[in-house]
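Undergrad: Below, each chain spelled out in residue letters.
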Amino acid sequence: MSEHVDTSRRRFLGGTAGAAAGISIAPGVFLNQVAQAKPADQPVSSDNRWGMLIDTNKCGDGCDACVRGCMEENGWGDIHNSEPHSSPEQKAQWIRIVELRDTSTGYAHQLPLMCQHCKHPPCVDVCPTGASMKRADGIVLVDKHICIGCRYCMMACPYKARSFIHEDLQDQLVVAPRGKGTVESCTLCVHRVDKDGADAVPACAEACAAEGHDAFVFGDLNDPNSEISRQLALHGGTQIRADLGLDLGVRYRGI
Amino acid sequence: MTRLFQSLQSLALAAGMAFLAIPLLASAEVPRPDIPEANARYSEAQGCVEPTEEMRKNHMEYILHQRDETMRRGVRTRQYSLEECINCHVPKPESGKVVRSDSKEHFCSSCHSYAAVKIDCFSCHRDTPMPDADTTMHRLGSGKAHHFTGTEAELTADALRAVTEEGLQ
Amino acid sequence: MKKTIHFREVTNNGTGYWGLIGILGLIVAIGLGAAYYMEHHGHYVTGMNNQIVWGTPHVFAVFLIVAASGALNVASIGSVFGKAPYKPLAPLSGLLAIALLIGGLAILVLDLGRPDRLIVAMTYYNFKSIFAWNIILYNGFIAIVAVYLWMLMDPSKKQYSSTVGLFAFLWRLILTTGTGSIFGFIVARQAYDAAIMAPLFVVMSFSFGLAIYLLVLMAAMRWTDRPLGDALVRRLKNLLGVFVAGVLYFVLAYHLTNLYATEHHGYEHFLLLGGGIYTQLFWIGQILIGSLIPLAMLYHPSLGKSRAAIGWACVLIILGGLAQMYTIIIGGQAYPLVLFPGMEVSSSFYDGVVAEYSPALPEFLLGIGGFGIALIAVALAVKVLPFMPQKLDDASADPHHAGGAAEAAAGKAA
Ligand code: SF4
Ligand code: SF4
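Protein chains in written order, with this note's numbering: chain A, 1 to 255; chain B, 1 to 169; chain C, 1 to 414.
It is worth saying that the hints were derived from the structure and are not from the lab.
There are no misleading hints in this set.
Stretches of chain A that chain C covers, calculated by requiring three or more beta carbons in the stretch to come under 8 Å of a beta carbon on chain C: (1) 102-108; (2) 141-150; (3) 159-167; (4) 233-246.
Cβ coordinates follow ideal geometry from the N, Cα and C atoms, glycine included.
This is chain A alone, in the form it adopts within the complex (with noise of 0.2 Å):
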C-alpha cells in the first residue's frame, strides 16, 4: 500500500516538471499545447488513452443526472420512449445509479456506474466475430455491423455494463446507432471524444457538472498532465474489482 503511495507521489512530482512547459494561465489551469482534437481524417491513436475519474463524494444523493443526460445524448430510455415493448428487465441502460451500503458501518453512498473501458476487456476477448473491440485510444465499443447478438460479451463482462437490444427501433439518433438483435453500451460519447479530443466532455460530466456536482473529469490517461492523471496521482482512485485485473479506464474515488 505505502509503494502505491510512493510511485504516484513519484508520478506526480514528475508530472508538474512536465506540465511547466504548458502555460499556466491561472493556479491550476493550464493551456496544454499537445492535447488538440484530432482532425478528421486521421485515425485515433494510441498515444491516448481515454479514461474517467468519478468522485463518489461529490456525487448528489439520490441524484441521476448523469444518466438522464446519456439517454438525451444517445437516444436510449423512456424520456425517448425507446424499447416501448420490452420488460423493464429488457430495457437498455447504458449507465446506472448503484446505491451502496457498507453492511458492517452502515455508511451508504451512491455512484455512476457504466462500461469501464477495460484495458483488458473481456467482452473483446470472448466475442465470436470481434464486433466487441478496443480502439487504438482505449474506448471498448460494439462493431454492430458484425455483431451476431450472441450475448457472450454480457456472460463475459463483469460490471453488468452491457445491454441487449429486445425489439425493432427507430428515430435512433445518428450519434449512436443502435438495434434490434445487437449489444449495446456506453460509448464515452466517442462521437464526442473523435470531435474535441482532450477538451472532450462526455455528456453525463456535462449534465453533472451542470447540476453543481462536478464528480467527473474526462481524459487523457497516458498524458501525465491532463487532469485526470494530476488528480489520480494526487489522490489515487480505485477500480472496481480492481482484483481481476482488467485495468479499468475508468476510476473511482470515495469508495
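For chain A, the structure is supplied; the task is to place chains B and C with the ligands on it using the hints.
TA: This is chains B and C with the ligands only, laid out in the frame that chain A set:
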C-alpha cells in the same frame, strides 16, 4: 471475405437487374424504379459525391469502407458518411414530409425494393435526417472543398485538414 | 465362431414409421415457427432479459451439444478400446452424435439476435474467443464423424476405422472441454469461475449421450422388429450407471471446492439452500430425479432387467440433465454479480438482487424443436443408409462376452 460477400451481393444485384430486364425486351412498358431526386448537388460538375454512375454501381463499397474507418479507427470525414447520404437523399424535415425506409418513396428503398436487395443499414441507423440536420457539406457545394481524392484540384494537406474540421462543426 | 453382423436400411413403410416422421416433422415445424416469431418481434417476446441473457434455448442447445459428443462414446469403446460387443453399435452411435450436434447448433443459431448474420459468424473470426474455437470444433466434429462413419460402413475402408475412430474420440474430448470452457472462462461470475467446469462437462456428456443412445437404440430395434440381446442391454445400462455416478461425483467435487473458497459461499448458499426454483431443480430435478432414482432403477435386481424400466431411467437421466443445465446456465446468471464485496447494492439495473426469469413458450418450443431436428435426422438416415444392424441378439453380438471388462475400460476413460 467481406469482399467475396460484396461481390456476391453485386452479383445478386446484377442477376436481379438482368431478370427484371426480361420484360424490358418483351414490351415497351419499362418498370423503372422511381428514384427520388436529391436535395442538393455535390458540385456543379457532378451530382453525387462521386459521379452518379459510379455511385449507382458502387455506393456500397464507399459506405462499407467508411463504416470500418469510422467504427474502428475513428475517422470521421463526411464525404461518404451515411448520415450525409440520408441528409441529402431524403426530404428535409422542414418539408414536413417523413419518408421511411419501408416506403418505396425512400431513396434507398426505391431501388433496393426494385432490385430485391435487402438493406441492413436501417435496423440500427435512422432512415431520416435528424430534425436539426445540418447541411454544411452540401451548402459548400463544391467538389474542391470536400474532395479528398482531389479530382478537381490538388489540395494541400493543411487545406484538407481545414475543410475537414469545418465539415465537423 | 462369431457370426457376421449385417447392417440394413430400415424397411418399415407403414403408418408407424411415417407417423413418427410426421410427429417429429411437426415438432420441428413448431420449433422453427417459434424461432421465426422470436426473430420477427425481437427477444422481448421471450423471458430473456439483460440479466438472464442466455435462456431456455441455451439449456436445450448446450444439453444437445454435450450429449452429442457423449453419443459417440459407444463407437469409441468399440474402436478405440477394442471392445467387440460395441462394434456393431458404432454406426448408429456416430449418426446420433452428428444429429444431436446439428439439433443443438440449430437452436443456438436460431436464438441469436441476428441469425441472418450467420455468414458473418462464419467469416469474421476472433481467434481469442473460445466461442469462435467452438464453432471450428463443432464443424470439425461433424466432418470427422462423417468420415469415421464412411470408414465404418465401407468394407474397403474398414482398416482405417480404428485410426479415424481414435481421432474422433480425441476430438470429442476437446469439443466437450471447449463447451465447458465457454462457462469456465467467464471469470466474473461466481458460478462459473471453476476449473472443474470442463471435466464436469466431459462426464456429463458421457452420461447424457449414453442415455439418449440407449433409448434410441431400444426404440429403433423394437420398432423395426430386430432382436436386441439382454446381455448387451445390461452392459450398456451398467455403463450408464457408472457415468451417472461419475457426474454425481464431479458435482460433489465442484460444490466442495466452491465451499472451500470463501468468495463462493454466497453462490453455494444460493444454489443449495435459498435459491427457490434453482435449489428445487438442483435437489429434486438433478440429484433425485436425474441421478438417484435412475441409479436405483438401473441397479435394482428386478427393475434393472426390465426394458421399460431401463427406458424410463434413461428418460429421467435426460430430464435430470436438462435440470442440471438449467441450474448451471440460468441459475448461474440469476445469482447477482459481486461488484462491491462487503456492501449491499441496489440499482435500477437489478444489481444485488437475484434476477427474475420465467421462460416463455416460444423458447421452450424452440428447444424441443432442436430435439425434433436431431431425431428426425436419425429416423430419415436409418431409412436411406444401413446404420442399424439386422440383429443384435447376444449370440451374434458377442458369443464370448466377458461382462464387466468394457465397463472397466469405459470407467477409465471417464
Ligand atoms: S466494462 Fe464490460 S463492456 Fe466495458 S470493456 Fe469492460 S468487459 Fe467490456
Ligand atoms: S453479442 Fe455481439 S458483441 Fe457481444 S459477443 Fe456476441 S457478437 Fe460479440
